[in-house]
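Asks: Please build the complete structure, drawing on both the sequences and the hints.
Same order as they appear, the protein sequences are chains A and B.
Residue numbering for the first sequence follows the numbering used here, beginning at 1 and increasing consecutively.
Residue numbering for the second sequence follows the numbering used here, beginning at 1 and increasing consecutively.
Simulated from the structure, these hints should not be mistaken for lab results.
Do not take every clue at face value.
[To be verified] Some chain B residues close to chain A (C-beta under 7 Å, calculated; not the full set):
(1) P137
(2) T150
(3) G164
[As the list claims (entries may be wrong)] Computed cross-link-like contacts, DSS-like style, restricted to lysine-lysine with a CA-CA straight-line distance of at most 30 Å:
(4) K176(B) x K28(A)
(5) K28(A) x K247(B)
(6) K247(A) x K28(B)
(7) K28(B) x K176(A)
Note that CB positions come from ideal geometry on N, CA and C, so glycine has one too.
Protein chains: 2
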Amino acid sequence: MTNALTTEPENAVAVVQRVESFLDARLKRTELPANLVEAIRYAVLGGGKMLRPQLAIRSCEAAGGDVEDVIGPAAALELIHAFSLVHDDLPAMDDDELRRGRPTLHIHAGEAMAILAGDAMMSLAFEIICECNFDEPRRASVVMELAAGTTAMIGGQVYDTLGGFPDGLSETDRLKLIHRNKTGALIRAACRMGGICAGANDEVMESLTQYGEASGLMFQVVDDLLDVTQSAEHIGKATGKDAEAGKLTFPGVLGIDGSRAEVERCEKRAIEALAPLGPPAGPLRELCGYMARRTK
Amino acid sequence: MTNALTTEPENAVAVVQRVESFLDARLKRTELPANLVEAIRYAVLGGGKMLRPQLAIRSCEAAGGDVEDVIGPAAALELIHAFSLVHDDLPAMDDDELRRGRPTLHIHAGEAMAILAGDAMMSLAFEIICECNFDEPRRASVVMELAAGTTAMIGGQVYDTLGGFPDGLSETDRLKLIHRNKTGALIRAACRMGGICAGANDEVMESLTQYGEASGLMFQVVDDLLDVTQSAEHIGKATGKDAEAGKLTFPGVLGIDGSRAEVERCEKRAIEALAPLGPPAGPLRELCGYMARRTK
Numbered sequence: 001m002t003n004a005l006t007t008e009p010e011n012a013v014a015v016v017q018r019v020e021s022f023l024d025a026r027l028k029r030t031e032l033p034a035n036l037v038e039a040i041r042y043a044v045l046g047g048g049k050m051l052r053p054q055l056a057i058r059s060c061e062a063a064g065g066d067v068e069d070v071i072g073p074a075a076a077l078e079l080i081h082a083f084s085l086v087h088d089d090l091p092a093m094d095d096d097e098l099r100r101g102r103p104t105l106h107i108h109a110g111e112a113m114a115i116l117a118g119d120a121m122m123s124l125a126f127e128i129i130c131e132c133n134f135d136e137p138r139r140a141s142v143v144m145e146l147a148a149g150t151t152a153m154i155g156g157q158v159y160d161t162l163g164g165f166p167d168g169l170s171e172t173d174r175l176k177l178i179h180r181n182k183t184g185a186l187i188r189a190a191c192r193m194g195g196i197c198a199g200a201n202d203e204v205m206e207s208l209t210q211y212g213e214a215s216g217l218m219f220q221v222v223d224d225l226l227d228v229t230q231s232a233e234h235i236g237k238a239t240g241k242d243a244e245a246g247k248l249t250f251p252g253v254l255g256i257d258g259s260r261a262e263v264e265r266c267e268k269r270a271i272e273a274l275a276p277l278g279p280p281a282g283p284l285r286e287l288c289g290y291m292a293r294r295t296k
Numbered sequence: 001m002t003n004a005l006t007t008e009p010e011n012a013v014a015v016v017q018r019v020e021s022f023l024d025a026r027l028k029r030t031e032l033p034a035n036l037v038e039a040i041r042y043a044v045l046g047g048g049k050m051l052r053p054q055l056a057i058r059s060c061e062a063a064g065g066d067v068e069d070v071i072g073p074a075a076a077l078e079l080i081h082a083f084s085l086v087h088d089d090l091p092a093m094d095d096d097e098l099r100r101g102r103p104t105l106h107i108h109a110g111e112a113m114a115i116l117a118g119d120a121m122m123s124l125a126f127e128i129i130c131e132c133n134f135d136e137p138r139r140a141s142v143v144m145e146l147a148a149g150t151t152a153m154i155g156g157q158v159y160d161t162l163g164g165f166p167d168g169l170s171e172t173d174r175l176k177l178i179h180r181n182k183t184g185a186l187i188r189a190a191c192r193m194g195g196i197c198a199g200a201n202d203e204v205m206e207s208l209t210q211y212g213e214a215s216g217l218m219f220q221v222v223d224d225l226l227d228v229t230q231s232a233e234h235i236g237k238a239t240g241k242d243a244e245a246g247k248l249t250f251p252g253v254l255g256i257d258g259s260r261a262e263v264e265r266c267e268k269r270a271i272e273a274l275a276p277l278g279p280p281a282g283p284l285r286e287l288c289g290y291m292a293r294r295t296k
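Replies: Right, dumping it as structure tokens:
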């Protein structure tokens with residue numbers, strides 16, 4: 001079931017497998033209905049890139065923490081991300097039938113199950129954090145990051161699909177507002193959660209936050225570029241849909257070359273933010289390079 | 001907007017108004033899209049009975065705590081309950097157009113907004129708990145109760161609408177499994193959260209837990225009885241739908257008289273569980289009486 005970042009950084013596959021094993025074991029010991037557990041497994045263990053878990057784990061390492069401490073929060077992040085995809089794919093939302101080259105959950109298990117499985121994935125994410133071994137102040141901080149990141153992510157999806165913008169924003173500002181929330185908030189939260197699990201001080205937290213914000217924006221610009229430049233077969237989901245749906249996209253607003261320049265600027269900012277962290281931030285730098293140059 | 005438990009116990013209206021004011025103020029200071037905030041307001045400040053907040057607040061009082069400490073968790077409980085109603089009403093689920101005498105959220109604001117507003121209500125609930133003033137161990141315990149109660153509630157909805165039962169359960173056992181999760185888990189969590197906020201010891205927590213389990217089951221039996229004995233006009237939502245949908249209900253399995261006897265048994269158990277708590281549990285006893293004899 002692994003479809004990890006297979007090029008960079010080293011050990012990415014091992015990281016993904018640890019998070020998958022954690023989720024597998026956690027789902028084995030729920031008392032939830034068997035059909036619900038099967039649906040959650042389908043959605044969260046379906047070969048995602050597990051980018052957010054990797055960011056959390058690499059951020060924890062960069063801050064001098066023990067990877068063991070962040071596996072639970074990393075799994076929680078993937079549950080939140082996977083829940084958002086399940087709900088975004090619903091007929092009343094993006095109405096997508098294909099995700100990672102497989103039928104979306106509502107095609108596989110029905111719409112009611114997709115709604116409920118998404119809901120359960122969110123609450124399960126918070127349960128998992130509460131079950132972590134680290135001390136309670138840290139646990140409460142991690143919950144706060146995850147909750148705020150999730151709420152912002154949902155707000156971003158509303159902006160993207162239903163509007164509700166503050167008055168007077170330019171097209172570029174609206175686009176950035178969408179994605180600072182829709183994609184950026186949870187990526188930022190992933191980096192910060194890694195830092196919190198490591199007991200990072202304010203300065204380190206600030207580095208990780210800056211890194212998370214820059215790489216989150218970059219990730220979305222790359223995503224939009226892939227949507228216009230790649231075939232559906234290659235990236236495993238429908239492409240060109242953003243433009244068809246009349247959505248604001250980075251290539252649409254900045255052009256393809258302008259978007260590529262934005263990717264470069266973001267990557268530079270992200271790498272610079274890590275300077276104070278020195279060698280332990282190596283894997284986080286590599287991950288940023290992968291995010292800038294990924295092809296799916 | 002108040003449609004509180006106007007008969008019993010005394011001060012119920014005041015309690016409800018405090019939770020409503022809290023939610024109103026909290027929603028004013030979010031940075032979420034304006035249309036999303038409006039949808040959340042519509043769903044959570046729409047004149048619900050606020051039973052779960054009342055249970056949390058009365059449980060906190062019964063355990064000798066300060067009501068001030070439990071207002072945030074009480075508001076979070078109502079957000080979770082309201083989110084579950086919004087999603088349960090969706091076309092792919094119960095397909096209800098009427099709730100508390102008003103159009104359901106997906107009729108009022110569209111299906112996509114109803115899905116997203118429900119999602120945001122859940123994550124906002126966890127944010128609210130993290131913002132509470134009480135110490136972090138208490139905060140982490142409250143998050144755990146709320147998360148586990150929410151996951152179980154969603155599992156109960158799956159049992160009720162999509163099956164997934166363990167093998168070999170009788171009809172009565174299946175019915176109890178549905179409602180121990182669907183309604184019971186969050187009511188139990190409400191009582192326990194009140195206790196945690198009061199810093200209750202194990203013995204007090206056990207009393208509140210027993211009370212919550214008995215009154216939660218009772219609440220659902222009464223709900224099923226109202227569904228077959230009351231008109232839609234009176235209770236503000238469609239009635240008789242459970243039987244039409246072929247759902248397992250208490251009157252269907254135990255008969256009307258058998259269900260009424262079950263209500264009496266539950267009430268007795270709930271009241272007995274409170275015995276060790278003495279006079280401070282007075283309002284919690286009254287609330288149980290209201291739950292047993294409510295007519296809407």
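Asks: Does each hint hold? Answer for all of them.
Replies: Comparing the hints with the structure gives:
With a least beta-carbon distance of about 4 Å to chain A, the hint placing P137(B) at the interface is held under the 7 Å criterion. Checking T150(B) against chain A: minimum C-beta separation of about 4 Å stays under 7 Å; hint holds. Nearest Cβ of chain A to the Cβ of G164(B): about 3 Å, under the 7 Å cut. The hint holds. With a C-alpha separation of about 23 Å, the suggested pairing of K176(B) with K28(A) holds against the 30 Å cut-off.
With a C-alpha separation of about 28 Å, the suggested pair K28(A) and K247(B) falls inside the 30 Å cut-off, and the hint holds. Distance hint between K247(A) and K28(B) is fulfilled; the C-alpha atoms sit about 28 Å from each other, no more than 30 Å. Annotation: proposed proximity of K28(B) to K176(A) holds, straight-line Cα distance about 23 Å (limit 30 Å).
Violated hints for the displayed structure: none, as all numbered hints are satisfied.
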